[in-house]
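Engineer: Chain residues, written in single-letter form:
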Amino acid sequence: MADIIKNPRNGCALHGALQTVQEINSVVPIVHANAGCGVINYLANSKTTGGSARYSGYSIPGTAAQERHVIFGGASRLREQIKNTIKVVDGALYVILNSCESAMVGDDVDAMTREIVEQNEPVVDTLIAGFNGGAHFGYEHVLADVFKSVYDVKPSESNKNSKLVNIFGIIPDKDPYWQGNLEEIKRILKGVGIEANVFFGVSGGVEDIDNAKNASLSIVFGRWGELPAKVLNEKFDIPVIQKAALPVNALEEKELIDEIGKVISVDQDAVDVFLNKELAYESNYYSRIRDEVIEYAIGKSVAIVGDEEQVIRLGRIAKDVFGAKIVAAVLTDSLKKDEEHELNNDDLFAQVTTNVYKTSDQKDIDDIIRQSKAELVIGSSLEVNIANKVGIPLIEASYPVYHKSILNQSTAGIRGSVEFVSDYLTTIKQAEKEKSEELYNYLKQLKGQKTWQDHSSKKSHVKQLNLISELASRESI
Amino acid sequence: MSFLDERKALTREKRLSSLSHFHGNLEALIDETSGEEIKQRIRTFSQIHDDETIYAFDVLSTIEDAAIIVNGSIGCGAIGIAQNDFENFSWYSTNLVERDTILGGDDKLSEAILRAYEEKHPKAIFILGTPVVAINNDDINSVILELEDEIGIPIISIYTDGFKTKTPVTGYDIVTHSILKYLVSKNVDIKEDFINIISYSEDIEDVAVIADIFNELDIKFQILPRFSNVDEIRRASKARASIVLNPEEGEYLAKELEEVFDVPYIETDVPVGFRGTKNFLLKLAAFLNIEDEVVEYIDKAEAELSQVVIKDVLKDKKIFVDVALSRVPAYARLFTNLGGEVVGFSSSFVDLDNRKQLKKLDFLPKTTIAIIGNGQQFEKANELSKNEIDIYFSEKSGSSFATHEGAVVISTKYKVTYGFKGVEVIANAIKKVDEFQEKYRQTSSYRESFKKRSGNWYVKQEVS
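Going line by line, the protein sequences match chains C and B.
Count the first sequence with our numbering and you get residues 1 to 477, in order.
Count the second sequence with our numbering and you get residues 478 to 941, in order.
Since the hints were derived computationally from the structure, they do not count as laboratory data.
Keep in mind the model is a prediction, meaning the values are calculated, not measured.
Where a beta carbon is used, it is the ideal one built from N, C-alpha and C, also for glycine.
Do not rely on the hints blindly, as some may be mistaken.
No farther apart than 20 Å at their CA atoms in a straight line, the calculated lysine to aspartate or glutamate pairs in the EDC-like style are these [as the list claims (entries may be wrong)]:
no. : chain 1 : residue 1 : chain 2 : residue 2
1   : B       : Lys-890   : B       : Glu-682
2   : C       : Lys-363   : B       : Asp-562
3   : C       : Lys-254   : C       : Asp-320
4   : B       : Lys-755   : B       : Asp-793
5   : C       : Lys-373   : C       : Glu-432
6   : C       : Lys-83    : B       : Glu-925
7   : C       : Lys-47    : B       : Asp-670
8   : C       : Lys-47    : B       : Glu-682
9   : C       : Lys-243   : C       : Asp-364
10  : C       : Lys-389   : B       : Glu-939
11  : C       : Lys-47    : B       : Asp-680
12  : B       : Lys-491   : C       : Asp-364
13  : C       : Lys-363   : B       : Glu-781
14  : B       : Lys-937   : C       : Asp-320
15  : B       : Lys-909   : B       : Glu-744
16  : B       : Lys-597   : C       : Asp-366
17  : C       : Lys-363   : B       : Glu-595
18  : C       : Lys-404   : B       : Glu-564
19  : B       : Lys-597   : C       : Asp-423
20  : C       : Lys-47    : B       : Glu-872
21  : B       : Lys-792   : B       : Asp-776
22  : C       : Lys-83    : B       : Asp-562
23  : C       : Lys-235   : C       : Asp-90
To spell it out: a stretch of chain C is covered by chain B in this simulated footprint if at least three of its residues, at any positions, have a beta carbon under 8 Å from a beta carbon of chain B; those stretches are [what the hints assert, rightly or not]:
no. : region
24  : 31-40
25  : 72-86
26  : 101-113
27  : 295-303
A short, non-exhaustive set of chain B residues, derived as facing chain C with CB atoms under 7 Å [unchecked claim]:
no. : residue
28  : Phe-522
29  : Arg-810
30  : Thr-813
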């Protein structure tokens, strides 16, 4: 039984399903719930800002169910809403999302969907309710449910594409860098002649849903994409590759491409050229920071808080680039109904750290960080308080990230890793600067006291003063 | 009769016949709302909107030494993410799952109360109701009775459910009812020399502007329930008087404080616009017998404002105003004075109390478009497009949809709007209106066939 949660961060299955659907261009969500269920998701995500999709927030069609619909059932209200949504809102596909309320009342959502589908309208539904799981669960299930029925209700061309792959596991909003990460994966695959169906963001859209059945492979990063990939595998015999996390260096990109190469043909010469460029990019930037890495003793003890995939990914960068020691890994993605997943990362974690925790409770997380003796936290904005209390720097990289606009920035692939490395270095340097300022102020405070004045004539202080005056005189010359 | 005799607050629909579904013109709206009861309507197509649970959480989250438990599924608990990340702000979710919807979530609620008490040492604990708990009919009161003696602080149930009202401000009423019943001190023999400034939805910038004025006029005050603490709420009954920043939200508290605890209620306009702010201050001054100082203060502000406000800056511009009904007259007058033509307005609700605002719009044509609804951008898009409106003035989130309909948006989000400072800020915002928003103009989200229809196509009379 799930426990009480302090500062729950991820939302429910409805929220996950909603933020998934609204990020597919030309797809219109229809929320069958009381008025505020979907709004909560919007308010939470707009605080964390990666921008908002066209059909998000207050523009989302919804039944805004009232007491009478709870008492007498809300199916007829849903029927009315679906019919009128098609008349008012311009969409290529409509996805009906269920809620706790409708599930408890027992509305026959499926029957309402079938009714409108019989009129040749492109409408699908998902029956998961908010209390069935977290947002990650919602992402996975809504995509699976869409693939189960979309090809029966929306005509699309069947034309197998030997170079097309589906990408699953990068969850809109739950990965604050989802837009940039999708773009980066697309870039990497394009570099070796592979087209990626990413579904969301700048190059995603309803066409990717149409085309998903024509792909020759599905790639799942992390565990939260297994289900839609499985549905496509069962229905269209599309093979699946699963990786624990997105790649973060040239070697991992090579491993990914090699694995893809076992399923679909890739031009090996093009792969070599691309990977050499990637390696050169990586080497160039990492060699530029060699002095800072050594001089700042940047390989800190690090606690990482976030989704499992993010923890693995960011942990790898911290460990490989900076020699950091991962003293605690806190996995905040809801792991309920985890029996559905095949991915087992236990061995992988064993190589990184022995301290792996699964919780999204703020008190647990704060206690873990405090006890870990970490020198740096990679987490969300909810970890600001504990980082301040313990007096260690924080890199905000997992959901939610407040007061930071994240659009095309990335934390995956070579380019994303370099961006993350840059953030990491900046954070350490700023922390060092703050430490120096504190020490300076401390010395100034001591200087005001007699004991310090006694020491003030000693050479280090005097030497410093001389240096400044020398510099000034040189400038005047 | 005081409403406090009721166990929980009545919905706005029951108490004040609140209407949140209307689309027509000013004349029809005045006609519709002029009787003893307002007929309810429904929308057969709607868009999602705030509910009373969101409003209640919003105001509770600013009471600094209280703990909040969101008694519901994990998603309802995510509302805390949307709040300002004040240092050390935290909240709890009972995280009800499918099993709890069958067997009840009472045990989890007990656990959450004890945990919140041990970890936060709050002066009061609020339990926010959600749809799952309401449908399940969990016995919250038994849990409270069992634990209140044990922990020795008030444990207060906020009877929100997300579906019994179409008027989200009911969430404020529910919070008000609970704090009046369980927190406000019943010992009212001695009054103290301060004024309750009642605020529910105002941003910190607007509250700070009003607090500044009080400070300048040397009037002692406390703000509640927003940005308050439990002790301040307790002291509300000892105030010399109460004044409300937005009467359609806060009048319930002010009137009950007057009726039950003999705290006079200074009835005023919202301090928006020059006239609104002036009336607000003059009423306050009359009560405190400080007219001379206040008149001097107002004259000084007027002289400063005359430098900023440019007549005819809105000449030939058609404007649609989307704000709380209590603020519509102030903005409509301001824009009219600046040479603009206010062709329509939209507000979340109208009820038997705030309908008086409609009469203050007598300077507008009777044919002025009037939309009453929470959100419902599609109806506004219909009118913006059809009437070729130039400026969409809004205090709502997500207002950029209006750019797709050809309007330029002036948003009051993240701007000061209250007091004389607010007039200056709005006047400057108007001056800056330009066409840079072209960049954000995209194809409309709504079908042309719908926009050619009457905007009230999906608003129907409720059949009971």
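Engineer: Among all the numbered hints in the text so far, which are the ones the structure does not match?
Structural biologist: Hints 4, 7, 9, 10, 12, 13, 14, 15, 19, 21, 22, 23, 27, 29, 30 contradicted; others consistent.
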